[in-house]
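Sequences listed follow chains A and B, in order.
This note's numbering numbers the first residue of the first sequence as 214 and each following residue consecutively.
This note's numbering numbers the first residue of the second sequence as 214 and each following residue consecutively.
Treat the hints as calculated values from the structure; they're not laboratory data.
Quick caveat: nothing in here was measured; it's all calculated off a predicted structure.
Warning: the hint list may mix true and false statements.
With beta-carbon atoms standing in for the labels, derived distance ranges [said to hold, decoys possible]: (1) D539/A with V314/B: 42 to 50 Å; (2) I307/B with K478/A: 35 to 43 Å; (3) K546/B with Y299/A: 51 to 59 Å; (4) K493/A with K627/B: 27 to 35 Å; (5) L481/B with N505/A: 53 to 61 Å; (6) V314/B with Y536/A: 43 to 51 Å; (7) G406/A with V314/B: 46 to 54 Å; (8) Y299/B with D461/A: 26 to 34 Å; (9) K276/B with D461/A: 42 to 50 Å; (10) L481/B with G296/A: 33 to 41 Å.
List time: in silico EDC-like cross-link candidates among lysine to aspartate or glutamate, alpha-carbon distance up to 16 Å [to be verified]: (11) K407/A with E550/B; (12) K627/B with D311/A; (13) K407/A with D390/B; (14) K393/A with D390/B; (15) K243/A with E222/A; (16) K610/B with D564/B; (17) K276/B with D315/B; (18) K502/B with D564/B; (19) K610/B with E620/B; (20) K627/A with D315/B; (21) K397/A with D390/B; (22) K604/A with D575/A; (23) K407/A with D390/A; (24) K577/B with E518/B; (25) K284/B with D272/A; (26) K407/B with D390/A; (27) K402/A with E439/B.
Every residue, glycine too, gets a C-beta built ideally from N, C-alpha and C.
Residue-level listing of the chains:
2 protein chains.
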Amino acid sequence: MMDLRVLYENITEYLNQEIILEGWIRNHRKQKEFGFIDFYDGTCFKSIQVVYDNKTNFDFISKLKIGSAIKVIGVLTKSVGSGQDYEVTVKDIILLGDCPVDYPIQPKRHTREFLREVAYLRPRTNLFQAVFRVRSVVAFAIHSYFQNNGYVYFHAPIITASDCEGAGEMFQVTTLDLNKVNGKPDYSKDFFGKPCNLTVSGQLQAETFALAYKKTYTFGPTFRAENSNTKTHASEFWMIEPEIAFCDLNGNMDIMEDMLKYIVKYVLEHCPDEMLFFDKFVENGLINKLNNLLNSQFVRVTHEEVIKILKEAKVKFEFTPEYGCDIAKEHEKYITEYFNGPVFITDWPKDIKAFYMKLNPDGKTVAAVDLEVPGAGELMGGSQREEDYDKLVSRMKELNLPLDSMEWYLNLRKFGGCVHSGFGMGFERLLIYLTGVENIRDVIPYPRTPGNCEY
Amino acid sequence: MMDLRVLYENITEYLNQEIILEGWIRNHRKQKEFGFIDFYDGTCFKSIQVVYDNKTNFDFISKLKIGSAIKVIGVLTKSVGSGQDYEVTVKDIILLGDCPVDYPIQPKRHTREFLREVAYLRPRTNLFQAVFRVRSVVAFAIHSYFQNNGYVYFHAPIITASDCEGAGEMFQVTTLDLNKVNGKPDYSKDFFGKPCNLTVSGQLQAETFALAYKKTYTFGPTFRAENSNTKTHASEFWMIEPEIAFCDLNGNMDIMEDMLKYIVKYVLEHCPDEMLFFDKFVENGLINKLNNLLNSQFVRVTHEEVIKILKEAKVKFEFTPEYGCDIAKEHEKYITEYFNGPVFITDWPKDIKAFYMKLNPDGKTVAAVDLEVPGAGELMGGSQREEDYDKLVSRMKELNLPLDSMEWYLNLRKFGGCVHSGFGMGFERLLIYLTGVENIRDVIPYPRTPGNCEY
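For reference, chain A alone in the conformation it holds in the complex (with noise of 0.2 Å):
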């Protein structure tokens, strides 16, 4: 038994020869004398044609069904057909587990609606199929990368005690009855004997190894319970949050740049098959923009600078951009446009961003750059951590933030504290920009969303 990927990548090794395949009935189309079956095993996004005549048992394999699982003799020949170079010539097929005639997937187009109602068959239809696996490719393209680099894997903790974040809501997480919490829950008998909750960001605690390993990254769950049903939110997603010491905003970009960089290539290298079906099928233009991205050098430019771009548009925007402001979709993607490439914003705002961010010396802005790409808007948002313990610990003050659970975290300031940056990155919202697929619930295996928590 061999897997298709393998038979593909040997196929000449394996012309006129023998071959046994075990795998799914995509499409069978059934004539008098000649059966063809579509069928695909899920290790490659290809399928082969499997041509069966009335010298087999002819009777039983024209009746198989869609869906089923079958074990394929065969020999691998060239096809005499078109729309594909080699097929399969039967010698026996022998049914593995048959499929009833209302199995849900067909070979006809199912909306996306319909197919994330039965999620758990929609990887056997093509589209989701190449969803998946470029998940799983472009997964392990960003271990590569860190890995290659020198970095160290940092597994951060998903439930914490921590609530400094404040990057959203949270999930709390208990072993308390929830029927016999009457009013005033007893966290002396919960497990953990506090509140606790599901980690929001594990950058806090990636900033500790960054400041033993000098170059970490985290890769791992992360939930918002935000009541926000858009095309672009779960409350379950994975994030890539690397941490460099020694690494000022200019070091960081350079790192943001040649990882994206990175990461596109080694897609476009590793699944030219799914891309191309991406390309035709989901984003007409998708590996044009791609290899845009590969040749543009990305913009750098201050928040101050963005939004005087901006004043002196001659667009009518529906949010007027103002200095001090956050900036709206409608103007991440004029900018893009103007500078026709990647644009790093930096130096936001301190009002609007984090308190971790290190406070610039004009005392208005903080060494924070968000990164917008053509076709996606933000698509990482990254700063040089606040390293001087003082500006620190008026910073938190100021926010009513609390120093005492918090000590640890400062100390990283006490204790051959350094210069150090890092950022994050929303593994979803990139498999989005990587795909073309625009929501959210079409990238994730099983999405978590208000009110949907199946499977």
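Since chain A is already given, all that's left is putting chain B on it; use the hints.
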């Protein structure tokens, strides 16, 4: 600025060249006219000796404290002293981040208990530098193994409403305000509209991917809310769960053995300094133990044969071995010594195993397997899955498991189902085996155990 790792990889190139390093002081010995700094930057296990004399800014440099972050400008030279081949002769040192004299990490032996109390600083010690780098490298070895062999990486959902696995006590995830819950939690107002938990295993969902991609694996966090305070239990840990279609119990064991040998070989090759350190200071004979594993062919025996061997053993066990029962740690130990190597124990009594395991023709045992390795006991567990719809339904009914909410899982047997198998490996249990570090709290950066959720 250069990583110490890169310097060591190209050391002859840099001989007699000026180099710049940034990192930390691990130790500092001053003499009258000379000083020696043990310098590391976390990018490799090795540190480097930095030597300065009174032609430098001696008064300043000689006062630099342990733990401080520094920038070293110097020349790489052959060392005349013993203990190292190369050293850095200082031109100048710049202090980047000071460190107080009461810094908890001093160049002496700290107990692991003490270091757990300053978990955020322990990666700065030799032992934990080694442990968490090996953790990172082993994680990558696992991804490499599966990706090179054509597996699709599956991100199993973390929050789940599935309550069927029965692998242990679960943590509840909620957004209800516990101060307002009065005996009757109104789950219609909870985030997902129903009670949800943290996953105890991604296997059932992984099966949906195996039946689409043939070969899949998970690698993610899993959770158990068990109140056990042992050296090998944590409430949050990472697990690897491969799942393979068209693969029976024997094929499953082939993969388990092949994967484990790949990982062991990988870590010996990629972390030689760390492994030597563990062998010398943590577990004498560790490398020998691992080489023995590489050179052994794993034995395969049934549970029944094992009980027979145990019953015939001329050893007084604390627990009497019994047909139909689980085996104890002392039995595991005896069996790996008896066969002098790793042992697959197969075909376990069905009553002590999970509902989804394939019933053997004897009607009493299931096609399950545990891998026992010398010095660690059970390292992995797996099984062929029940692919027969009717048998699976009747087993679930016997155990009063909910059929309705598991319809999707059952349907995998209806819609082109096939023989398939898989196994689970606790990542931390593997790390304990590979490093010789005994306590699970010492192989997880920020361990979660009953009553303990710091950072």
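Evaluated hints:
A hinted range of 42 to 50 Å for the beta carbons of D539/A and V314/B is consistent with their spacing of about 45 Å. Between I307/B and K478/A the C-beta distance comes to about 37 Å, which sits within the given range of 35 to 43 Å. Between K546/B and Y299/A the Cβ separation comes to about 54 Å, which falls inside the hinted range of 51 to 59 Å. The hint said 27 to 35 Å for the Cβ distance between K493/A and K627/B, and at roughly 33 Å that hint holds.
At roughly 44 Å, the beta carbons of L481/B and N505/A sit outside the given window of 53 to 61 Å. Roughly 46 Å separates the CB atoms of V314/B and Y536/A, a value that falls within the hinted 43 to 51 Å. Taking the beta carbon of each, G406/A and V314/B are about 34 Å apart, not inside 46 to 54 Å as hinted. Distance hint check for Y299/B and D461/A: the Cβ-Cβ separation is about 29 Å, which falls inside the suggested range of 26 to 34 Å.
As the Cβ distance of K276/B to D461/A is approximately 27 Å, the hint placing it in 42 to 50 Å is violated. L481/B and G296/A have their C-beta atoms about 49 Å apart, which leaves the hinted 33 to 41 Å range violated. A C-alpha spacing of about 45 Å is found between K407/A and E550/B, which places the hinted pair above 16 Å, so the restraint is violated. A hinted pair counts as satisfied when its Cα atoms are at most 16 Å apart, and K627/B with D311/A qualifies at roughly 7 Å.
Using a Cα cut-off of 16 Å, the hinted pair K407/A and D390/B holds, with the two alpha carbons roughly 15 Å apart. For the given pair, K393/A sits about 14 Å from D390/B by alpha-carbon distance, which is consistent with the 16 Å threshold. Restraint check for K243/A and E222/A: not satisfied, since their Cα atoms lie roughly 29 Å apart, outside the 16 Å limit. About 14 Å separates the Cα atoms of K610/B and D564/B, which keeps this hinted pair within 16 Å; it holds.
Note on K276/B and D315/B: the hinted pairing holds, with a Cα-Cα distance of about 15 Å set against a maximum of 16 Å. Among the hinted pairs, K502/B with D564/B is inconsistent with the structure: their alpha-carbon atoms are about 34 Å apart, more than 16 Å. Annotation: proposed proximity of K610/B to E620/B holds, straight-line Cα distance about 13 Å (limit 16 Å). Only pairs whose Cα atoms come within 16 Å are accepted, and K627/A paired with D315/B is accepted, the gap being roughly 11 Å.
Distance hint between K397/A and D390/B is fulfilled; the C-alpha atoms sit about 10 Å from each other, no more than 16 Å. Of the supplied pair hints, the one linking K604/A and D575/A holds, its CA atoms being roughly 14 Å apart against a limit of 16 Å. Restraint check for K407/A and D390/A: the C-alpha separation of about 15 Å stays at or below 16 Å, so the hint holds. Between K577/B and E518/B the CA atoms are separated by roughly 15 Å; this keeps the pair inside 16 Å, and the hint holds.
Proposed proximity of K284/B and D272/A is contradicted: the alpha carbons are some 79 Å apart, above 16 Å. Taken as a hint, the K407/B and D390/A pair is honoured in the structure, with Cα atoms around 15 Å apart against an allowance of 16 Å. For the suggested pair K402/A and E439/B, the alpha carbons sit about 14 Å apart, so the restraint of at most 16 Å is met.
Hints 5, 7, 9, 10, 11, 15, 18, 25 from the list above are not met by this structure, while the remaining hints are.
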